[in-house]
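Student: Going down the list, the sequences are from chains A and B. The numbering of the first sequence is this note's numbering, which starts it at 1 and goes up by one. The numbering of the second sequence is this note's numbering, which starts it at 1001 and goes up by one.
Please note that a few of the clues may not be correct.
[What the hints assert, rightly or not] Calculated cross-link-like contacts (lysine to any residue; reagent style SDA-like; alpha-carbon spacing at most 25 Å):
(1) 66/A / 1149/B
(2) 125/A / 1193/B
(3) 125/A / 1035/B
(4) 66/A / 1157/B
(5) 66/A / 1007/B
(6) 125/A / 1195/B
(7) 66/A / 1187/B
(8) 66/A / 1193/B
(9) 66/A / 1195/B
(10) 125/A / 1057/B
(11) 125/A / 231/A
(12) 66/A / 1035/B
(13) 66/A / 1232/B
(14) 66/A / 1012/B
(15) 125/A / 218/A
(16) 125/A / 1161/B
(17) 66/A / 1230/B
(18) 125/A / 1030/B
(19) 125/A / 1230/B
(20) 66/A / 1057/B
(21) 125/A / 1196/B
(22) 125/A / 1032/B
[Claimed, not checked] A partial selection of chain B residues facing chain A, derived with a Cβ cut-off under 7 Å:
(23) 1048
(24) 1145
(25) 1169
[What the hints assert, rightly or not] Here chain A is said to cover these stretches of chain B; the calculated rule only asks that three of the stretch's residues, wherever they fall, bring their Cβ under 8 Å from a Cβ of chain A:
(26) 1170–1179
(27) 1246–1257
Hints listed in this document are in silico derivations from the structure and should not be mistaken for laboratory results. The beta-carbon is built from N, C-alpha and C at its ideal position, and this holds for glycine as well.
Single-letter residue listing:
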Amino acid sequence: MELAGSSVLVTGASRGLGAALARRLAAAGAKVALVARGERELAEVVDGIRAAGGVAHGIAADVGDKRAAHAIAGAAAALVGPVDVLVQAASTLGHVPLRLWLDTDCEALEQALQVNVVGPLRLAKLVAGPMVLRGRGLLVHVTSDASVEAYPRWGAYGASKAALDHLGRILGAELEGTGVRVVTVDPGEMRTQMHADAIPDADPSTLLDPDVVAARVVRLMLGAEGLANGARVQASTWAEGAS
Amino acid sequence: MTPATWPRDERVEDRLLVIDPASGELRDARVHELPRHLAPGDLLVLNDAATLPASLPAHTGAGARVELRLAMHLGDARWRAVLFGPGDWRTRTEDRAPPPSVRPGNELRIGPELAAIVEHVDPRHPRLLAVRFSVSGAALWAALYRHGHPVQYAHVAGDLELWHVQTPFASRPWAAEMPSAGRPLAWSVLSELRARGVRLAVLTHAAGMSSTGDPDLDAALPMPERFDVPSATVLAVARAHAEGGRVVAVGTTVVRALEGCARLHGGELVAGEGTTDLRIDARFRPRVVDGMVTGLHEIGSSHRELLHAFAGEALLARAWSHAEAAGYLDHEFGDVCLVLRGG
Chain A
1 MELAGSSVLV TGASRGLGAA LARRLAAAGA KVALVARGER ELAEVVDGIR AAGGVAHGIA
61 ADVGDKRAAH AIAGAAAALV GPVDVLVQAA STLGHVPLRL WLDTDCEALE QALQVNVVGP
121 LRLAKLVAGP MVLRGRGLLV HVTSDASVEA YPRWGAYGAS KAALDHLGRI LGAELEGTGV
181 RVVTVDPGEM RTQMHADAIP DADPSTLLDP DVVAARVVRL MLGAEGLANG ARVQASTWAE
241 GAS
Chain B
1001 MTPATWPRDE RVEDRLLVID PASGELRDAR VHELPRHLAP GDLLVLNDAA TLPASLPAHT
1061 GAGARVELRL AMHLGDARWR AVLFGPGDWR TRTEDRAPPP SVRPGNELRI GPELAAIVEH
1121 VDPRHPRLLA VRFSVSGAAL WAALYRHGHP VQYAHVAGDL ELWHVQTPFA SRPWAAEMPS
1181 AGRPLAWSVL SELRARGVRL AVLTHAAGMS STGDPDLDAA LPMPERFDVP SATVLAVARA
1241 HAEGGRVVAV GTTVVRALEG CARLHGGELV AGEGTTDLRI DARFRPRVVD GMVTGLHEIG
1301 SSHRELLHAF AGEALLARAW SHAEAAGYLD HEFGDVCLVL RGG
């Protein structure tokens, strides 16, 4: 996937990996539409990209809100053109602090599914169709090792991310041969607000800088043609110097 | 014909009347059977314009309630728009009370963060305006999606949401009203077409409004409309024709874009953006398009006139009588027809 001049939509773009990816993609010459709930934080990221000479537009919206889906996809396509790359980095943990399954309100699981699975499907549906007609496109879904490991207290988040992984596998199988690719990426543990919410006493020195991970994900995006469509991969495989 | 009042749950079950202008044959089918009526090497061209939330409730500085309907993006925060009086889609457009007259500089307040300032009033039609919004860029798009609704008409059973009026392949929000011929083409059908060797190509055409209820204003429809033809589509059309395939336009908007684009360039299709005011009728000889999928438009409408470029009136009249007798539905959620010489 050529990034210079391409049209990119990034969710969860006001913080953490989403913000770092938006900055890196803009620096690579992509026109970037950024989505996040927090208008002020989002504006700071957009301003930063513009100050660095990049093209960026901020769309304040909640990806878990059904009504927001058309606004996000429509505004993005209007502002940066038909979307070539969709990066879905927005996520919610459910309860904070994390809770055991037996203490989890089912509404918290429903909310995690809305933001982490249903919302991503809504946006994927809205951008992948036109991508197929144009014969190219890339969908990147950000997952977590909690989607495969049975970490106690990570029920709502882990179950929703497992569903996202499989959403990507099936979508990739259905899009095989169209020129549109799906990749689900596990970024590894990062120094982010979300990680601090989940594990407040983690040693920051053991956590990755989101910008380092973003560089890996950009390398992955450039090499996505070599992956099976719908593959779930670890970003560390794309560490600089890794083969 | 009876109007469809709501989209079918299973869009590929919409009916498809196959009209062959060469043999004069009519055949009843369903949209999911479209693949068997096209051949490998044929090219289906689709309009990927998303439908805008183009209906904006507003009030004038004097407090009069009005509705502003977006017709065409003029660039930046400027739009061509048509002003309607108080009320909404539940009243037939022809029965709507006229809006108060407005002058350049007047403000139409849509929401706390959004107003449209009248820049120009068309001297021929006092309801046809050029407006400039009070915000631009991402803030304008967010506000339009917050306050706007899809344009709809009185034959529909309830309030429409944007997801009711999008095709399965909608991208840039350019269309004032849904490019409805593409609505029933679910990906199950498009995937089967691809698997059978029918190629798909795309363009974007800013489908305009279909009716204002004002005879003078309606006579000016369709207004000039914007289109964008990608180079891949230009190549796909050339390849289809070179290999004996047929170019099938999905919707009148695709016919206008392809033929309008060719007319702007001496008969050649050229990639890029343009604006067309082309009106197609029985005298028009298509250079690019061989056939089309379209709705069962009302006799006398510009959409129905356009069909005369592909089939004679006697055949179309017979087809429309058959459709009526067989219970086909018309309007934007209605059934469709394929007008194409057998191949």
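Student: Taking the hints in turn, state whether each one holds.
Tutor: To see whether the hints hold, each was checked on the structure:
For the proposed pair residue 66/A and residue 1149/B, the alpha carbon gap of about 15 Å is at most 25 Å, so the pair holds. Restraint check: the Cα-Cα separation between residue 125/A and residue 1193/B comes to about 19 Å, which is no more than 25 Å; the hinted pair holds. About 23 Å separates the Cα atoms of residue 125/A and residue 1035/B, which keeps this hinted pair within 25 Å; it holds. Between residue 66/A and residue 1157/B the alpha-carbon distance is near 22 Å, which keeps this suggested pair within the 25 Å criterion.
A hinted pair counts as satisfied when its Cα atoms are at most 25 Å apart, and residue 66/A with residue 1007/B qualifies at roughly 19 Å. For the hint pairing residue 125/A with residue 1195/B, the CA-to-CA distance comes to about 20 Å; that is within 25 Å, so the pair holds. As the CA atoms of residue 66/A and residue 1187/B are separated by approximately 21 Å, the hinted pair is consistent with the 25 Å bound. Pair hint residue 66/A plus residue 1193/B does not hold up; C-alpha atoms about 30 Å apart against a cutoff of 25 Å.
Our distance criterion of 25 Å between C-alpha atoms is broken by residue 66/A and residue 1195/B, whose separation comes to about 32 Å. Distance hint between residue 125/A and residue 1057/B is unfulfilled; the C-alpha atoms sit about 29 Å from each other, more than 25 Å. For the suggested pair residue 125/A and residue 231/A, the alpha carbons sit about 18 Å apart, so the restraint of at most 25 Å is met. For the hint pairing residue 66/A with residue 1035/B, the CA-to-CA distance comes to about 33 Å; that exceeds 25 Å, so the pair is violated.
For the proposed pair residue 66/A and residue 1232/B, the alpha carbon gap of about 33 Å is over 25 Å, so the pair is violated. For the given pair, residue 66/A sits about 24 Å from residue 1012/B by alpha-carbon distance, which is consistent with the 25 Å threshold. Using a Cα cut-off of 25 Å, the hinted pair residue 125/A and residue 218/A holds, with the two alpha carbons roughly 23 Å apart. Using a Cα cut-off of 25 Å, the hinted pair residue 125/A and residue 1161/B holds, with the two alpha carbons roughly 17 Å apart.
The straight-line distance between the Cα atoms of residue 66/A and residue 1230/B is roughly 31 Å, outside the 25 Å bound, and the hint therefore fails. Only pairs whose Cα atoms come within 25 Å are accepted, and residue 125/A paired with residue 1030/B is accepted, the gap being roughly 24 Å. For the suggested pair residue 125/A and residue 1230/B, the alpha carbons sit about 22 Å apart, so the restraint of at most 25 Å is met. As the CA atoms of residue 66/A and residue 1057/B are separated by approximately 22 Å, the hinted pair is consistent with the 25 Å bound.
For the proposed pair residue 125/A and residue 1196/B, the alpha carbon gap of about 23 Å is at most 25 Å, so the pair holds. Between residue 125/A and residue 1032/B the alpha-carbon distance is near 20 Å, which keeps this suggested pair within the 25 Å criterion. The closest approach between the C-beta of residue 1048/B and any C-beta of chain A is roughly 5 Å, which is under the 7 Å cut-off, so the hint is satisfied. A least Cβ separation of about 3 Å between residue 1145/B and chain A falls short of the 7 Å threshold, and the interface hint therefore holds.
Checking residue 1169/B against chain A by beta carbon gives a least distance of about 4 Å; that is within 7 Å, so the hint holds. Counting residues of the segment 1170–1179 of chain B whose beta-carbon sits less than 8 Å from any beta-carbon of chain A gives 4, enough to reach three: the coverage restraint holds. Chain A is given as covering the segment 1246–1257 of chain B, and this is violated because 0 residues of the stretch bring a CB closer than 8 Å to a CB of that chain, at least three being needed.
Violated hints for the displayed structure, listed by number in ascending order: 8, 9, 10, 12, 13, 17 and 27.
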